[in-house]
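> Residues per chain are reported as follows:
Number of protein chains: 2
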Amino acid sequence: MPVTVDERRAPVARRLEHAALELFATRGYDGTTVEDLALAGGVGRRTFFRYFPTKLDVVLGELDTLLADLVSALDAATGPDAVACTREAFLAVNRYTDADLPALRRRLALIEDVPDLAARASVRYRDWERAVAADAARRWGVPEDDLHPQVFARAAVAAMRAVFTTWLARPEASATELEVLVARAFDALDHGFGGNGGRSA
Amino acid sequence: MPVTVDERRAPVARRLEHAALELFATRGYDGTTVEDLALAGGVGRRTFFRYFPTKLDVVLGELDTLLADLVSALDAATGPDAVACTREAFLAVNRYTDADLPALRRRLALIEDVPDLAARASVRYRDWERAVAADAARRWGVPEDDLHPQVFARAAVAAMRAVFTTWLARPEASATELEVLVARAFDALDHGFGGNGGRSA
Chain A
271 MPVTVDERRA
281 PVARRLEHAA
291 LELFATRGYD
301 GTTVEDLALA
311 GGVGRRTFFR
321 YFPTKLDVVL
331 GELDTLLADL
341 VSALDAATGP
351 DAVACTREAF
361 LAVNRYTDAD
371 LPALRRRLAL
381 IEDVPDLAAR
391 ASVRYRDWER
401 AVAADAARRW
411 GVPEDDLHPQ
421 VFARAAVAAM
431 RAVFTTWLAR
441 PEASATELEV
451 LVARAFDALD
461 HGFGGNGGRS
471 A
Chain B
271 MPVTVDERRA
281 PVARRLEHAA
291 LELFATRGYD
301 GTTVEDLALA
311 GGVGRRTFFR
321 YFPTKLDVVL
331 GELDTLLADL
341 VSALDAATGP
351 DAVACTREAF
361 LAVNRYTDAD
371 LPALRRRLAL
381 IEDVPDLAAR
391 ASVRYRDWER
401 AVAADAARRW
411 GVPEDDLHPQ
421 VFARAAVAAM
431 RAVFTTWLAR
441 PEASATELEV
451 LVARAFDALD
461 HGFGGNGGRS
471 A
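Listed in order, the protein sequences are those of chains A and B.
At position 12 of the first sequence (counting the first as 1) the number is 282 in my numbering, and the numbers step up by one without a gap.
At position 102 of the second sequence (counting the first as 1) the number is 372 in my numbering, and the numbers step up by one without a gap.
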């Protein structure tokens, strides 16, 4: 069967991305130009721009792909329990193999450490918040701009980012441990942070 | 009694800030230069820069002042119940008179609507998250980088931002209503978002 354009496209983008993440790790994000990235990926500048419109997109483009996965997972989840459905969806988009971890760690570290990337990631995560708020409001039967779905959606995305920070601070933590942290964060959102509670979480 | 430099300084900064917020509201943030802002405030460009190092600081500088207030409020709160103490501190920094509201609404709307301001605000709010995480970890007797205080701190700041969005969408909402929304958001963090719960919040 013939390979589609999309199927041919993915490996090139993946290769360019891996070469870029490696280069950022050694030379720093700000010290690396798009020319460097194209050269490291074995393509010309114009080809590089076809895959990544800006240098930011090499690191942050994945957030948009994952958002599409999140929306699919939310659509697939059934029932009125928005917290349970959101938990399932966040677990689904944070399911990695151990082979994925080096690239994931590099990407997350760049988003934490480079102020420009941190700033731009926050803007992209607003789309995640909107998707979660819309889904939760629908399940709860309330308007999307009500306080409850708005607070829940923001808190859920914030919780996921706290999970990333915690996981990143443990260099030996596995892909399974990432899922365990996501589950624990959602336990707190589901049952509350309590007064003195959850000390061992 | 002689007036200190700080006391003399505040009214000028306040006047420049109000003139700036009005100008941003009519001409747009991107369409306004620092020269425009200085002129509107009746000072020279160099004087303006003494109060606000960048145009961003006219809108976001307040976040650093409020962070100092938040830290004071957290330090003043006693007891092991981190959620209750954080709730008190967030209520304290969100206590406005109705006379403050027009400037507050303008500032919050700019942070929502101008992508560059949204991005930079998120970076400043990371300092808020660190302050809340450090305080909660201390009260709970756990390391600051544990999952629980990290998730709680991020969720608390995220909840406050959701409150702002909700409050901003209600043009008639008073200063008291802002406090009510903060209290409701903290009820959800304290007791959990439940499965189907909190529909009327």
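Mixed in with the good hints, there may be bad ones.
[Said to hold, decoys possible] For lysine to any residue, the following SDA-like pairs were computed, each having C-alpha atoms within a straight-line distance of at most 20 Å: (1) A:K325 / A:R375; (2) A:K325 / B:D386; (3) A:K325 / B:Y299.
[As the list claims (entries may be wrong)] Here are some chain B residues pointing at chain A (derived, C-beta under 10 Å): (4) R320; (5) T324; (6) Y366; (7) A369; (8) F422; (9) V427; (10) R431; (11) A455.
I should point out that these hints are in silico values taken from the structure, not numbers from a laboratory.
Since this is a predicted model, take the numbers as computed values, not measurements.
Every residue, glycine too, gets a C-beta built ideally from N, C-alpha and C.
> Does each hint hold? Answer for all of them.
The hints, checked one at a time:
no., hint, result
1, A:K325 / A:R375, "holds, 18 Å"
2, A:K325 / B:D386, "holds, 17 Å"
3, A:K325 / B:Y299, "violated, 26 Å"
4, R320, "violated, 24 Å"
5, T324, "violated, 14 Å"
6, Y366, "violated, 18 Å"
7, A369, "violated, 25 Å"
8, F422, "holds, 5 Å"
9, V427, "holds, 7 Å"
10, R431, "holds, 6 Å"
11, A455, "holds, 5 Å"
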